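Using the sequences plus the hints, can you model the full thing?
The lines below spell out each chain.
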Amino acid sequence: MKNIYTLIITGFLLVFLVGCQEDRDQAPSTSITPELAQQSEKDAFLEKINGLLSSSDVQDQIAEPLGDVHFENLSYFKSSFDENVTFIPVYTEASEHTEAIIVATEVSDRIKIGILVRGHLRRLTPSPNAENTPSLTMLAQLFVVLDDRIFDNANNNFSDIIGAANDNSLGMSRSFEDGQVESNLPLGFEPVSGDIMCTYTTNPNDPDGEDYEQCWAQYHWEWVPSDQVIVDWGPGTGGGPSPFIQVINLKSPCKGNPIKDPEIAPQAEDRSGIAGGRFGNARKNEDGSDKPHNGLDIKTKFGDSVYSMYAGSIYGNGTSKTLGHYSIIQSNINGKTVLILYAHLKYKPVTSGTIRAGEILGISGDSGNLARAILEESTIQHIHIETREGTNWKTATRKNTEAYATTKFDSHGKVIQSTKC
Amino acid sequence: MLDMKKILSLLLLFTTISIGTAQNSWGTLSREDYNTIQVINTQYSQSMRLTDIANQPVNGNWSQLGSLGVGLPSCSKELVDGNNCFIKKTGLEIYYNDGDDLGKFNMGYLTITNANFAFKIKGQLIKVGDDIAKLATVHQDAYRKRKKLRSQTLTDHQVLLHLEGTDVSISFRYDPRTNRITRIGFFQSLV
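Sequence order for the protein chains is P and Z.
Per the working numbering, residue 29 is the first one in the first sequence, and the count goes up by one each step.
Per the working numbering, residue 6 is the first one in the second sequence, and the count goes up by one each step.
Derived from the structure by calculation, the hints contain no laboratory data.
Since the structure is predicted, the reported quantities are computational estimates derived from the model, not experimental observations.
A hint or two may mislead.
As the list claims (entries may be wrong) - Using 25 angstroms as the maximum straight-line C-alpha spacing, the simulated DSS-like pairs for lysine-lysine come out as follows:
id : chain 1 : residue 1 : chain 2 : residue 2
1  : P       : K442      : P       : K288
2  : Z       : K109      : P       : K319
3  : P       : K427      : Z       : K82
4  : Z       : K152      : P       : K329
5  : Z       : K139      : Z       : K125
6  : Z       : K82       : P       : K349
7  : Z       : K93       : P       : K349
8  : P       : K329      : Z       : K82
9  : P       : K427      : Z       : K109
10 : P       : K349      : Z       : K94
11 : P       : K327      : Z       : K152
12 : P       : K422      : Z       : K109
13 : P       : K319      : Z       : K82
14 : P       : K448      : P       : K319
15 : P       : K349      : P       : K442
16 : P       : K422      : Z       : K82
17 : Z       : K109      : Z       : K82
18 : Z       : K109      : P       : K349
19 : P       : K283      : P       : K319
20 : P       : K448      : P       : K422
21 : Z       : K153      : P       : K327
22 : P       : K448      : P       : K329
23 : P       : K319      : P       : K349
24 : P       : K364      : P       : K436
25 : P       : K329      : P       : K364
26 : P       : K436      : P       : K319
27 : Z       : K82       : P       : K376
28 : P       : K442      : P       : K283
29 : Z       : K152      : Z       : K132
30 : Z       : K139      : Z       : K127
As the list claims (entries may be wrong) - Short derived list, chain Z residues pointing at chain P, Cβ under 7 angstroms:
id : residue
31 : A59
32 : E83
33 : G170
In this text, a Cβ means the ideal position worked out from N, Cα and C, and glycines have one as well.
Next comes the structure, spelled out in structure tokens:
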């Protein structure tokens, strides 16, 4: 084995050295200055964003029906975390102000897109202990700047942009309970628990008066890395922003898959390995006996969006000791009532009612026993998906989730390419 | 183009080296050695074999846990988890689960966080606060592979053992600044 590696390494070194030699044989080339490299990175990033905005998904679902929608890529900067960032105002000719701002960020070659919706910034729940995070005022200022630039309209006031407190007109709720955030997504941001800081100071102009309190909120925006664009679209009734939200999943998975291009998450290699991530008895108990694994573990990245495999209704959401935050969707598939559970979510879903196939139902996390399983190197980041046929979770018949997944796996757990989706 | 070729070569080179040097960060614990592990209640000089603790209750009876001096567990039922049972003492927490409510429990974890309880493994008493180097005599390979927890937030390191032929982990976390053990644990994923 060692010889093979030596051979491979030698081979690469040779290629590298030949490359260097060819370099020397060549006429001196223009060196790439940091400025040029940065310009190139900026151009490549903006090209990707523009490609995304001109994709058929966006055009079909937003631009064409509404006719005069504009997306303008007006800004670019490097964030303090060295991410490429651009703000894209979204507006119509008639609106006379920026309806929304799409914020596109490139992190490790992944484009993450979120949206700030005019009149609803306050819904982007505040949060905690985070540095370098924009305040609501800063976010509102973005609208002011863009309105002024696009419409020569400086007649903004922040309260119109930020929106009313306790605004639930978008049909979603976010709340803080015991430091945990509950969210049913979709604004494109995921808040992390909030924090309001206050200082108490004696008013120097009124030493005998009561102390006055100065409070401010700290905000931390955590992107939903879902490649989704969510647009709140006006004009709605009464001339304000429409309560209608349109969700466009630019990279949503095929029907029957919980994420795009799913792969099985294995158990540790000296254990049940990839078989342990599948439905069956590959795992072993402490006494060496078979330990059933009733689900299918699908590899994810922490924070990835998790999509409902099928349309259905929310059977239940909850938090359990082992599965962590979970959601169970009841669907009718080929005439059978099927319950599909998605576990180890980052937040407890609060969604109720119905859900579409391919709609985001949660965010991949490490809740339940997954965090410890990862620390003790039993497995890797994943979502656990469990399927039962029947109408009652406790009594329904356990089924292999793979039977309901569009992407199929061979006996070694590898994706069958013809079913890749 | 040539620059690209160089970059590609280097990338492939680094990738190859990374793959070539990747190794497990745990040691394999034999069944024989595992069976020697005792959990010691240091306050009351009581003890019980870890494997016996893991295989409670016996015929639905938890009374054997009395020999560890921890009393009976408290249990509650949950929709998707089934029956969850906990023993919580200062410095010790044990979790059992019976997912199907059929009386067949599995021990999900046993965690020791202070010196009230300890592990005795291969005759060596190991407790929170001890120097992690004690593990070198218990399992040289696992000790050699000790490393930082794969965590963005936790700073502890650990010596990790995987029990052969099972999905059980035994971990000894320690503070790398002091080399003192901070937590001892048994764990197996139940889902």
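Hints versus structure:
The suggested pairing of K442(P) with K288(P) holds, with an alpha-carbon distance near 15 angstroms, which does not exceed 25 angstroms. At most 25 angstroms may separate the alpha-carbon atoms for a hinted pair to count; K109(Z) and K319(P) meet this at roughly 11 angstroms. With a C-alpha separation of about 23 angstroms, the suggested pair K427(P) and K82(Z) falls inside the 25 angstroms cut-off, and the hint holds. Note on K152(Z) and K329(P): the hinted pairing holds, with a Cα-Cα distance of about 22 angstroms set against a maximum of 25 angstroms.
At roughly 11 angstroms between alpha-carbon atoms, K139(Z) and K125(Z) fall within 25 angstroms of each other, so this suggested pair holds. About 11 angstroms separates the Cα atoms of K82(Z) and K349(P), which keeps this hinted pair within 25 angstroms; it holds. Restraint check: the Cα-Cα separation between K93(Z) and K349(P) comes to about 15 angstroms, which is no more than 25 angstroms; the hinted pair holds. Under the criterion of a C-alpha separation no larger than 25 angstroms, the hint pairing K329(P) with K82(Z) is inconsistent with the structure, at around 31 angstroms.
As the CA atoms of K427(P) and K109(Z) are separated by approximately 21 angstroms, the hinted pair is consistent with the 25 angstroms bound. Taking the CA atoms of K349(P) and K94(Z), the gap is near 18 angstroms; set against the 25 angstroms cutoff, the hint holds. Of the pairs offered as hints, the one joining K327(P) and K152(Z) holds, with about 24 angstroms between alpha carbons and a cut-off of 25 angstroms not exceeded. Between the alpha carbons of K422(P) and K109(Z) the distance comes to roughly 16 angstroms, so the proposed pair stays at or under 25 angstroms and holds.
A threshold of 25 angstroms between alpha carbons decides the hint, and for K319(P) with K82(Z) the separation of about 21 angstroms falls inside it, so the pair holds. A distance of roughly 29 angstroms separates the Cα atoms of K448(P) and K319(P); the hinted pair therefore is violated under the 25 angstroms criterion. Only pairs whose Cα atoms come within 25 angstroms are accepted, and K349(P) paired with K442(P) is rejected, the gap being roughly 30 angstroms. With a C-alpha separation of about 12 angstroms, the suggested pairing of K422(P) with K82(Z) holds against the 25 angstroms cut-off.
Taken as a hint, the K109(Z) and K82(Z) pair is honoured in the structure, with Cα atoms around 14 angstroms apart against an allowance of 25 angstroms. Of the pairs offered as hints, the one joining K109(Z) and K349(P) holds, with about 17 angstroms between alpha carbons and a cut-off of 25 angstroms not exceeded. Only pairs whose Cα atoms come within 25 angstroms are accepted, and K283(P) paired with K319(P) is rejected, the gap being roughly 31 angstroms. A hinted pair counts as satisfied when its Cα atoms are at most 25 angstroms apart, and K448(P) with K422(P) does not qualify at roughly 32 angstroms.
Between K153(Z) and K327(P) the CA atoms are separated by roughly 23 angstroms; this keeps the pair inside 25 angstroms, and the hint holds. The hinted pair formed by K448(P) and K329(P) meets the criterion: a straight-line CA distance of about 19 angstroms does not exceed 25 angstroms. For the hint pairing K319(P) with K349(P), the CA-to-CA distance comes to about 18 angstroms; that is within 25 angstroms, so the pair holds. At roughly 20 angstroms between alpha-carbon atoms, K364(P) and K436(P) fall within 25 angstroms of each other, so this suggested pair holds.
Proposed proximity of K329(P) and K364(P) is contradicted: the alpha carbons are some 32 angstroms apart, above 25 angstroms. A threshold of 25 angstroms between alpha carbons decides the hint, and for K436(P) with K319(P) the separation of about 23 angstroms falls inside it, so the pair holds. Note on K82(Z) and K376(P): the hinted pairing holds, with a Cα-Cα distance of about 19 angstroms set against a maximum of 25 angstroms. At most 25 angstroms may separate the alpha-carbon atoms for a hinted pair to count; K442(P) and K283(P) meet this at roughly 20 angstroms.
Under the criterion of a C-alpha separation no larger than 25 angstroms, the hint pairing K152(Z) with K132(Z) is consistent with the structure, at around 19 angstroms. A hinted pair counts as satisfied when its Cα atoms are at most 25 angstroms apart, and K139(Z) with K127(Z) qualifies at roughly 12 angstroms. Using the Cβ-Cβ criterion of 7 angstroms, the hint placing A59(Z) at the interface with chain P is satisfied: the shortest such distance is roughly 5 angstroms. For E83(Z), the shortest C-beta to C-beta distance to chain P is roughly 5 angstroms, which falls under 7 angstroms, so the interface hint holds.
Nearest Cβ of chain P to the Cβ of G170(Z): about 5 angstroms, under the 7 angstroms cut. The hint holds.
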